[in-house]
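> Sequence:
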Amino acid sequence: MSLIPRDLFRQDDFFAPFFGGFPFEAGALMAPQSQGAGQQLATRSMPVDVVERDTSFEVKADIPGVSKEDIHVSVDHDVLRINVENKAEKEEEKEEQGRKYHRYERSYNFVGRALRMPDNANLDEVKAKYENGVLSLEVPKKEKDAGAKRITVG
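Going by this note's numbering, the first residue of the sequence shown is number 2, and it counts up by one from there.
These are calculated hints, taken from the structure and not from any lab test.
Hints are supplied without guarantee of correctness; some may be wrong.
[Stated by the list, open to error] Taking lysine-lysine pairs in the DSS-like style, the calculated list, with each CA pair at most 30 Å apart, reads: (1) K130 x K91; (2) K145 x K61; (3) K91 x K69; (4) K128 x K69; (5) K69 x K145; (6) K128 x K145; (7) K143 x K61; (8) K130 x K145; (9) K69 x K143; (10) K142 x K130; (11) K150 x K61; (12) K128 x K142; (13) K69 x K130; (14) K69 x K142; (15) K61 x K88; (16) K88 x K130; (17) K128 x K88; (18) K143 x K128; (19) K130 x K101; (20) K91 x K101; (21) K128 x K61; (22) K101 x K88; (23) K130 x K150.
Make the full structure from the sequences, and use the hints.
Written out as structure tokens, the structure reads:
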């Protein structure tokens, strides 16, 4: 099993290379940014744990603060995709000391992960559960082949 590599031109902090030091070296726009002491890179990805058991694979993703309806799990050949799309609108109106305040805010968040699953994963039988901010997926393993079988010629 392996993670699908990210697009080389898409970085978590897109504008960081433009405000770093000059001059740029060849390929500096695609090079990973180093972390200084006490700094953490902000990422838009979700933490994912994958555990292989005797009869299944267990995938857990931390996705706090979203509803079940915002989570989309799909399978494309041997790739298991977890996408979260969250849209919110907030409207606030109030009046203080003869002044009327109007505030309209909209936000849109999208985060996704793609995992290439091994050949023995049965992606037709995936079970999903979302509880306390954690998405749990159980991917059963395929039955082992009995080996070569003899075919009689008639």
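> If you test the structure against every hint from before, which numbers come out violated?
Those not satisfied are hints 5, 11, 19 and 23.
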